[in-house]
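Q: Listed below, chain by chain, are the residues.
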Amino acid sequence: KAGVTQTPRYLIKTRGQQVTLSCSPISGHRSVSWYQQTPGQGLQFLFEYFSETQRNKGNFPGRFSGRQFSNSRSEMNVSTLELGDSALYLCASSFEGAVAFINEQFFGPGTRLTVL
Amino acid sequence: AQSVAQPEDQVNVAEGNPLTVKCTYSVSGNPYLFWYVQYPNRGLQFLLKYITGDNLVKGSYGFEAEFNKSQTSFHLKKPSALVSDSALYFCAVRDAPKGYSSASKIIFGSGTRLSIRP
Numbered sequence: 001k002a003g004v005t006q007t008p009r010y011l012i013k014t015r016g017q018q019v020t021l022s023c024s025p026i027s028g029h030r031s032v033s034w035y036q037q038t039p040g041q042g043l044q045f046l047f048e049y050f051s052e053t054q055r056n057k058g059n060f061p062g063r064f065s066g067r068q069f070s071n072s073r074s075e076m077n078v079s080t081l082e083l084g085d086s087a088l089y090l091c092a093s094s095f096e097g098a099v100a101f102i103n104e105q106f107f108g109p110g111t112r113l114t115v116l
Numbered sequence: 001a002q003s004v005a006q007p008e009d010q011v012n013v014a015e016g017n018p019l020t021v022k023c024t025y026s027v028s029g030n031p032y033l034f035w036y037v038q039y040p041n042r043g044l045q046f047l048l049k050y051i052t053g054d055n056l057v058k059g060s061y062g063f064e065a066e067f068n069k070s071q072t073s074f075h076l077k078k079p080s081a082l083v084s085d086s087a088l089y090f091c092a093v094r095d096a097p098k099g100y101s102s103a104s105k106i107i108f109g110s111g112t113r114l115s116i117r118p
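Keeping their order, the protein sequence lines are chains P and B.
For the first sequence, the numbering used here assigns the number 1 to the initial residue and increments by one for each residue that follows.
For the second sequence, the numbering used here assigns the number 1 to the initial residue and increments by one for each residue that follows.
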């Protein structure tokens, strides 16, 4: 099975611009989560989608948004970029069977976003 | 509210010696606990998890972790460290759901950098 893929791998943007990141989960995985990783703040949860619905949300401003499509692929969007948005954005997918939430997440390689 | 703490930013161990990476947690219900490892310029990889049952959980690459409910800890251990174990390790916790339609966030610790010297 192919792993979680994220595109693009690297992005350079300027302040005020917006950006869209894409994530393709492992086939059969319906849960997709997004994380922001920075040296100072560690791994911060952004949001989680399941069957096209946002199931959970972290403490990020409304500039950060996401969506999930019927094929479980997910996108996240950041509008009005700020310097502090420079980070590694990680996507993770997991399989959910009869018992939810017990399965591990599989992470993609991440998208490195640099805001100038 | 859920929380997870990794009290050590860095752990240094000589190759061949046992290693321990510490993790403590706080949840309102029964915890689901995970350990992940991150190698440079890579995403996180799953190592092991505790859901229920035996307190000693065995995972990938010879790692194991011990769930201690009274101390609310889930420390990661390996009997004999390898230089290749050098990486960033994350502990994570998720609260057990109260129903299928409910959801809890997965919270990651701040990470512990493990350095194994030859």
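Because the hints were derived from the structure by calculation, they are not lab data.
Some hints could be false.
Below 35 Å or equal to it, Euclidean Cα-Cα: the simulated DSBU-like pairs (lysine-lysine) are [said to hold, decoys possible]:
id : chain 1 : residue 1 : chain 2 : residue 2
1  : P       : K1        : B       : K22
2  : P       : K57       : P       : K1
3  : B       : K69       : P       : K13
4  : P       : K13       : B       : K77
5  : B       : K69       : B       : K105
6  : P       : K57       : B       : K77
7  : B       : K77       : P       : K1
Q: For each hint, tell me whether it holds in the structure or not.
A: Each hint tested on the structure:
no. : hint             : in the structure
1   : P/K1 <-> B/K22   : holds (33 Å)
2   : P/K57 <-> P/K1   : holds (29 Å)
3   : B/K69 <-> P/K13  : violated (46 Å)
4   : P/K13 <-> B/K77  : violated (41 Å)
5   : B/K69 <-> B/K105 : holds (20 Å)
6   : P/K57 <-> B/K77  : holds (32 Å)
7   : B/K77 <-> P/K1   : holds (30 Å)
Against the hints set out earlier in the document, violations occur for numbers 3 and 4.
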